[in-house]
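We have chain A; now place chain B onto it with these hints.
2 protein chains.
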Amino acid sequence: MSNKRNFYLHDVALDDALSAWHAALAIQSLLTPLGQETIPVPQALGRVTAQPVWARISSPHYHAAAMDGYAVAAERTHGATETSPKRLVVGVDAMPVDTGDPLPPGTNAVIMIEETQLFPGDEPGGSGGSTIEIMKASPPWQYVRPLGEDMVATELVLPANHQLRPQDLGAIVGCGHTEVTVYRRPRVAILPTGTELVTIEQLQQLARPLQPGDILEYNSIMLGAQAEEAGCLVTRLPIVADAYAAIRDAVAAALESHDLVAINAGSSAGSEDYTAAIVAELGELQVHGVAMRPGHPVILGTARGKALVGIPGYPVSAAMTFERIVTPLLYLWQGIEPPSLPRITATLTRKTLSPLGEDEFMRVTVGRVGERVVATPLGGGAGVLMSLVKADGIVNIPRFSEGHNAGDAVTVALLHPPARIDQTIVVIGSHDMALDLLADQLSQRTSGQNISLKENRFLSSAHVGSMGGLLALQRGEAHMAGAHLLDEESGDYNVGYIRQMLTPHGVRVVLLRFVQRQQGLMVARGNPKDIRTLDDLLRPDVAFVNRQRGAGTRVLLDYELKQRGLDARAIQGYARQEYTHLAVAAAVKSGAADCGLGILAAARALELDFVPLLQERYDLVIPLVHYESELLAPLLRAIRTPEFAQRVQELGGYEVAGMGDVIETT
Amino acid sequence: MSNKRNFYLHDVALDDALSAWHAALAIQSLLTPLGQETIPVPQALGRVTAQPVWARISSPHYHAAAMDGYAVAAERTHGATETSPKRLVVGVDAMPVDTGDPLPPGTNAVIMIEETQLFPGDEPGGSGGSTIEIMKASPPWQYVRPLGEDMVATELVLPANHQLRPQDLGAIVGCGHTEVTVYRRPRVAILPTGTELVTIEQLQQLARPLQPGDILEYNSIMLGAQAEEAGCLVTRLPIVADAYAAIRDAVAAALESHDLVAINAGSSAGSEDYTAAIVAELGELQVHGVAMRPGHPVILGTARGKALVGIPGYPVSAAMTFERIVTPLLYLWQGIEPPSLPRITATLTRKTLSPLGEDEFMRVTVGRVGERVVATPLGGGAGVLMSLVKADGIVNIPRFSEGHNAGDAVTVALLHPPARIDQTIVVIGSHDMALDLLADQLSQRTSGQNISLKENRFLSSAHVGSMGGLLALQRGEAHMAGAHLLDEESGDYNVGYIRQMLTPHGVRVVLLRFVQRQQGLMVARGNPKDIRTLDDLLRPDVAFVNRQRGAGTRVLLDYELKQRGLDARAIQGYARQEYTHLAVAAAVKSGAADCGLGILAAARALELDFVPLLQERYDLVIPLVHYESELLAPLLRAIRTPEFAQRVQELGGYEVAGMGDVIETT
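As you go down the protein sequences, you meet chains A and B in turn. Just so it is clear: in the first sequence, position 550 is 549 by numbering that gives the first Met the number 0, and no numbers are missing. Just so it is clear: in the second sequence, position 17 is 16 by numbering that gives the first Met the number 0, and no numbers are missing.
Okay, chain A solo, but in the shape it has when bound (with noise of 0.2 Å):
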């Protein structure tokens, strides 16, 4: 193994991590603004001044009519009643203007035109002129805009380190300005580096479909929109393969011409990880390790004047550690705070354990079920970016802490706008595709009055199997569940473990129907060992792979052989245990057995053949309090529609008959 591995992770706390971190950033002046430049006004919404911007010109610049009317000077119209009514030149006593007009001299007040009558005089233009007649006084500066009534020339207009907003920059304009100064864009190169790392548009150009081992590279387009987010001129480099001198070769290239580089992975402490001895050969390393999770192999350094860090590789991991640690100096850089996530305490669904002495920073999802808003953690580790999609909020559980128990209220910082807590169904269960294809139907838009959206409704769902979700019913923590549990005495689905986990909880719920799936064997492509029936399974060249014990599609296998008086003994491979369908789907693809229990889906997935066998029942359970409720009213709309039906059937795999019919109402 290279001898570049002398460089171990020493994981230190966030804070001492940022310190060590800033201390040697200030040495290079680098935790100050970068510089300035000067722009046209059209160009700088969100950008942040660099400068005070002070009026040149007043506005108005002169004192301005405010309505279409007559000037005049006020002491003229003093003694004007209804039932003495004043008399006024035109031309000499009232001088016609519109809005926006000068007031011509020697006045200082305006006379709506709706309240006065003009008289003709003898003939147009002639010098006898017309009058207006006046019932009503008017006090000095009536309907006048006086000079510098907006803004008064020299006086300031926008402090520096303000981020422009578009009335702002009808601000500078109109005080005189046609450019203002700005603090420049930081500039950020993203260097994704690994021997193992693909791009889709390489695959393309080689026609080559992905292999095991490939890695497609994706996080560089991610963490390169967070610096944009940030306001960042962002270089996304090439990906460059695992070797010493080609990554620090590029590294010290894009330190030429960028204030922050971020070497993508090799941040950790293996045999090709080489970022943090590049970062103490070309500048200084800071820190090598951050205990916060996700997060770990962060590196933290400077060279060249430039901010140097390495990114783990993790996705979740990149994103968070990028966000909490490199997000902040690049605003910063322009002189303003990150934007702050809006924050609301939640009740938490889980107990959870956090390791001491780390930072950490939990993906949970979000929605107010019944009183109470509840935070439920999403499952998956640094390598599950879909948690991050999903999430709905961060909680940080600070370092101190050692986690929290289920019921305890946490502050969750929202990765959504508060409004959409109240548009949220909370669905807890298992999973299956076709509660996919709902959430995509329910934020489908049809053309209408209704511009608000306030009838959207997002589907927050979290998978935890059929089980999991009777029981967050029974706790009330979720709006809805997804179940396909068949009592295998009655051969009926769900009826008989709602009465058992729901009923005695006095949690009464409408059974919805809402799909019925296929199952069937997983094959290889073209079925080489033509297996067709369960019988099959027992032939002794067919080598099977199960589910685990209690998983649905087990316990539909163990009832149709009983059914069928097969032996399951007699199997091979009957005791050799996958815990997805996906899993099975992978062992069938290697070849490690020749078939095994599942959904057209995951055959699908893995591009398998799929051999039609039974029918499951996959209901949705929800308690009548929600069933009846506006939130849930859009979601069973959707579901009754021939439209969505029409969507599902279209997945293939899928019966619908009856889809949205209330089953039974305990």
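Keep in mind the hints are simulated off the structure, nothing from the lab. Warning: the hint list may mix true and false statements.
Which copy is meant is left open, because identical chains are indistinguishable; a pair holds if it fits in one copy or across any two.
To be verified - Cut-off 20 Å, straight-line C-alpha distance, at most; resulting in silico cross-link-like pairs (EDC-like, lysine to aspartate or glutamate):
1) K350 x E36
2) K135 x E74
3) K588 x D241
4) K135 x E114
5) K588 x E401
6) K85 x E132
This is chain B only, laid out in the frame that chain A set:
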């Protein structure tokens, strides 16, 4: 007057106006997203999915090692303990893997390299093979990222109508896409109209100064930025003069290539207000006049399958009607809701009257003074853009309300992040340029450790005169007041007023020395009448213009005249009153008077000469409780820096000796 004047304003309620317009838009299929386009993922930040994104490939797409170490069959490790370790042959029972590598066939778990001990074989690469020793059994799938752990091919990754964030872009690429289908961005044209409009650029090209009657065009920049902020592609069209055919033709041309054309202004019912007639000629006019304040002359229509609106000319009306009426449509066209502003409850400091039947949107400053969050209405009509620049929030007074009393709780939609409230110093009182400079000084960034910028302070100032400031302190509505109240008896400043207005109410304050400012005579350029002293005011050839009774400057003049034994009644124009420094300057500028007393800044603003005569003290009055607070600490530090004193002196017209000294504590 033009025969186009037959389009009268008929104000309708905002809700009714929107309903009428939306109904017309719906008929034209304009109340739904406009269309789709497919773009490369890296360009899609902030765009909105028009189609759901389904995973094309699984991620990972193979069972992957999650640690550097050895892949094993978990069964082979059973029984290993510290006291009875187990040996595995490398390359046979234990296959070396790095993080991300595919699991070799027959393996289903990974042992971390740190948990093994290596015994080299007889010879490198020889058939003898190395051996590792393990002291712990490995459960199946330990340190393995199973196929599809993150995303499973065919599953829903993102629904339609989802605004794309960095993590979403990562997920889209991670599941096998290079492009994403999003709603296209609306194309918006802004057409400024008005014969009197000029741009700064035009004046620079013509090398001529602004002349009375010229109106600087900046609404199109502001409105364009609003549309840009809402994600649109914006065309700012050249100014068109007030000529019916020219405007109509420009609008017709813009309709060809834009989804919405906004005409600014000509939307009222004046002689040159053509917009309504043009909308009616080119399409259908639904609304002419909306009962909202600021607002009113808003025109809503449709033409040639596009949206066509007339936006009022006053900048605050323009910005606020665009935001309330047009912006939601621009977001709807992209499938999303407008971002919602954070809301807080605040105590209103002043009684406000609101006309029944109008939706009013009141600009307020917001700050936390003691225990209360207070909202103070900003003065100024629809022409005062600075009221929108300075506003911290908007209070909506619905059309069935007559307004609020002082002390009422109101809901404020915040224009800044809520956290800023606790960094806001509320200053109410007399206005002074040095206070502007202080606001800027507070926003200066100094290089240092403090990356969080939590030391930042924002000055939120309302100008209500010295007395108004002391009253605000009396009522606990401000942290600080600027005051220059001369006691005619003692010749001292502020002290007597504080004893009278604050001490009896239990408000203990620190009177802090701020600046001495020069008052002097503003005279025409070159001082043609050679006015040098107060005695000159009595000359028969000198016409004076005075400030209103009660103004600090008038009190100062009277005091000084009395000290010198001069008879005010002998001054020509002594009775002529203006209400601001600037109005006095304007009277001198126009030739209506030869001189007036005021401050240097006013003379400078109108490019007048200035004869310094007197000095007045402008102090800061700070309640003791705030003086000692964290909030004010950075401000007090800033006042006491030599750098700030230097900047004030550079303004001219100021003495800064003793700035920041405590004159008295009551």
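Ascending list of hint numbers which this structure does not respect:
1, 3 and 5
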